[in-house]
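Number of protein chains: 2
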Amino acid sequence: MKKAILLIIDGLGDLPTPKSPLQAAKKPNLDRLANKGITGMMSPVKRYIVPGSDVAHLNILGYDPSLFYCGRGPLEALGLGIKLQEGDISFRANFATFENNKITDRRAGRIETSIAAALSKYLPTKIDDVQVIFKNSAEHRGALVLRGAGLSSNVSPTDPHGDDFEECHPLDNTKEAKKTAEIINKFTKIAIQKLSSAPENKRNTPANIILLRGAGPFSSVPSFYERFGLNAVCVAGGALYKGVASYLGMDVLLVPGATGDKNTNLEAKAKAALKAVVEYDMVFMHIKLCDSAGHDGDFNSKKNGIERIDAIIPILEKSGACIVITGDHSTPYSLKAHSGHEVPILVYGGERKDSVKKFDELSCAAGGLGHIRGKDIIPLILNITQRAEKYGS
Amino acid sequence: MKKAILLIIDGLGDLPTPKSPLQAAKKPNLDRLANKGITGMMSPVKRYIVPGSDVAHLNILGYDPSLFYCGRGPLEALGLGIKLQEGDISFRANFATFENNKITDRRAGRIETSIAAALSKYLPTKIDDVQVIFKNSAEHRGALVLRGAGLSSNVSPTDPHGDDFEECHPLDNTKEAKKTAEIINKFTKIAIQKLSSAPENKRNTPANIILLRGAGPFSSVPSFYERFGLNAVCVAGGALYKGVASYLGMDVLLVPGATGDKNTNLEAKAKAALKAVVEYDMVFMHIKLCDSAGHDGDFNSKKNGIERIDAIIPILEKSGACIVITGDHSTPYSLKAHSGHEVPILVYGGERKDSVKKFDELSCAAGGLGHIRGKDIIPLILNITQRAEKYGS
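Chains A and B, in that order, give the protein sequences. Number 359 in numbering that gives the first Met the number 0 belongs to position 360 of the first sequence; there are no gaps in the numbering. Number 310 in numbering that gives the first Met the number 0 belongs to position 311 of the second sequence; there are no gaps in the numbering.
Because the hints were derived from the structure by calculation, they are not lab data. Take these hints with a grain of salt, some might be off.
Identical copies look the same in the list; a pair holds intra-copy or inter-copy alike.
[Claimed, not checked] The list that follows gives simulated cross-link-like pairs (lysine-lysine, PhoX-like), each with its CA atoms no further than 25 Å apart:
#1 K374 to K45
#2 K357 to K35
#3 K389 to K352
#4 K120 to K134
#5 K1 to K45
#6 K35 to K335
Chain A extracted, bound-state conformation (with noise of 0.2 Å):
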């Protein structure tokens, strides 16, 4: 049977201005695939609904979110490599600075990983009856896991996204959400003791305080090669990505210099996902930088970003595999944030050809597939590698 490579580029799709970052980029590659295949344009979750990645990537991935969302917490604890349990409430993470009941750096001035590291040590590892794992990822990142009897994720988060400071408290009257918000609040706490004093934060902008956001509950689902047949592999730098593919019990390859910012080994993801493709029916590749800098409103990083994709895809080529390509979601530059407009999708091997000759925006709108979901993709792949069920007889 045939394998596959689904490719995801965090953030693709665009808009027009008057081209979009993927019309003004050099992309031979993928536009020889976009003409050799078929494309189209696909709705990560529904028609026009923003999604946030996680969820974007659930859907794609074939988990209805509806149905398997856990939250994001869960999900940078996954890809950090915390092994959850059943019932651990689980949070994203930032280190930021803290002044007289102000946060006035929600990133710490983007903290080396190094300095975060070692902050993480001072950091309390139980709290009365509850153990506290702490783990650190790039730079200001990381995520926070409780784990005992009588937690609840429905506490608030304690990071603004503005500039004052608000305690965690309960979202309802159990006594769960009360216990968590308490916890959390004698976390936040010993935490701001604990980093003011540190000799490694002696700098500008102290990393004396860990905002929480995302709370969320683990609870194992029915893996991606129970559900689909596939034995699949993430190939990912960001934690999330490999949270995601980590939650759904495909295997997480952890591939040196995959950092999921600009400074990422592409190449290396790519060879990667080469050898991976012999042993695995599926792998699923992921690359943030396009999404990074529609957030940041560049263009030219944006455009950029494609070009350092497209001249990947010749060792994808080499693996023989059906390979599709799409993206999460859009990020157009000019809004500096996720939108519902559909991503361009294309499909090469396995699938018919259309007359499409290019990958991007406005020709893959006329592309032979027409408008597809992110529900669709699992589907497809099945199909394409001869894997899918026959539904009667």
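Position chain B relative to chain A; hints supplied.
Okay, now just chain B, sitting in the frame of chain A:
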């Protein structure tokens, strides 16, 4: 009000190698209808789902298979003209060759229909308190019906689709499933005994066992006429398709020469459809031969089948009816199996025009209907024949 002919070309869709059979075939009449009418692509069930012909036909005829699929057995039995009663358990049956507990030929050398008919008379008509109804159709094919109290369709098939014969066993712990499995095993023993000693069976591949699969209970469903207000008739050769029509309460025309195989008389079927459209609102016409060619991996035979179908189109045109032509699924000859690729569709009369000039997978993907699903077809027919009821006022 206008009439409609819905022509389902079984297994119509294919893949380009570099041309598909549809692209390679000379089909001036189908192309003319595509040129004068409107085209699109159709997913028989949902996008990329690989349907069996039974499930696909139910959905295309407006019966959601998740609600109305009864298994293949009842549809085959109905197609052979057996009048099913509520609770009857039916199976698709094969005459086969059995030696030393192995199935050496699942089709008993494609036994002649007349010999199968003669052999049918040796089969039991009652086992314990259960009435047994067997009817043979073309070659090795047939249907078996069990009628009596306390039966279940939740039993295993005795048709192994492989070498080793397996007894029937219950698939749950109910006494109904146990009883049904016992009756089937008694039937099988008697069949082996009686058929082995039958003088008609002196041949190299004796038809000395009956293999069963597709068990299903019969339960009547609201008729096609009740649900859609269309007085419809079926023109088909294959038992399954006549069975689907019968299940939905359509009349079924018995057309001499309509055999459901490559020797079928297409002209006789077209003339029957032309005549029937005077009396009926809708003719559901089914042609099998392209699917058979796809399963056999025979490009030329599929292409030739399309050309034979093209030749009868002018007969259908004489009716003045709206004509809808599509397939129930793709059967790419290169895969020798059903696939989840969309099927081209053309609608002539009552609909708009588009700029597509040819009826094939590449051309219709750019058609004005876009991508529709099987369940859209009956509403489409109601619309173009001006029979659709207004929703709202």
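We went through each hint and held it up to the structure:
Taking CA atoms no more than 25 Å apart as the test, K374 paired with K45 passes in both settings, with 9 Å inside one copy and 11 Å between copies. Within a single copy, K357 and K35 get their C-alpha atoms as close as 10 Å, and across copies as close as 21 Å, so both meet the 25 Å cut-off. Taking CA atoms no more than 25 Å apart as the test, K389 paired with K352 passes inside one copy only; the shortest distance there is 24 Å, against 34 Å between copies. In this assembly of identical chains, the alpha carbons of K120 and K134 lie at most 25 Å apart only when taken from the same copy (9 Å versus 77 Å across copies).
In this homomeric assembly, K1 and K45 come within 25 Å of each other (Cα to Cα) only across copies, at 22 Å, whereas the closest approach inside a single copy is 29 Å. Taking the shortest alpha-carbon separations for K35 and K335, only the inter-copy value of 23 Å comes in at or below 25 Å, while the best intra-copy value is 33 Å.
Checked against the numbered hints listed earlier, the structure breaks none of them; every hint is satisfied.
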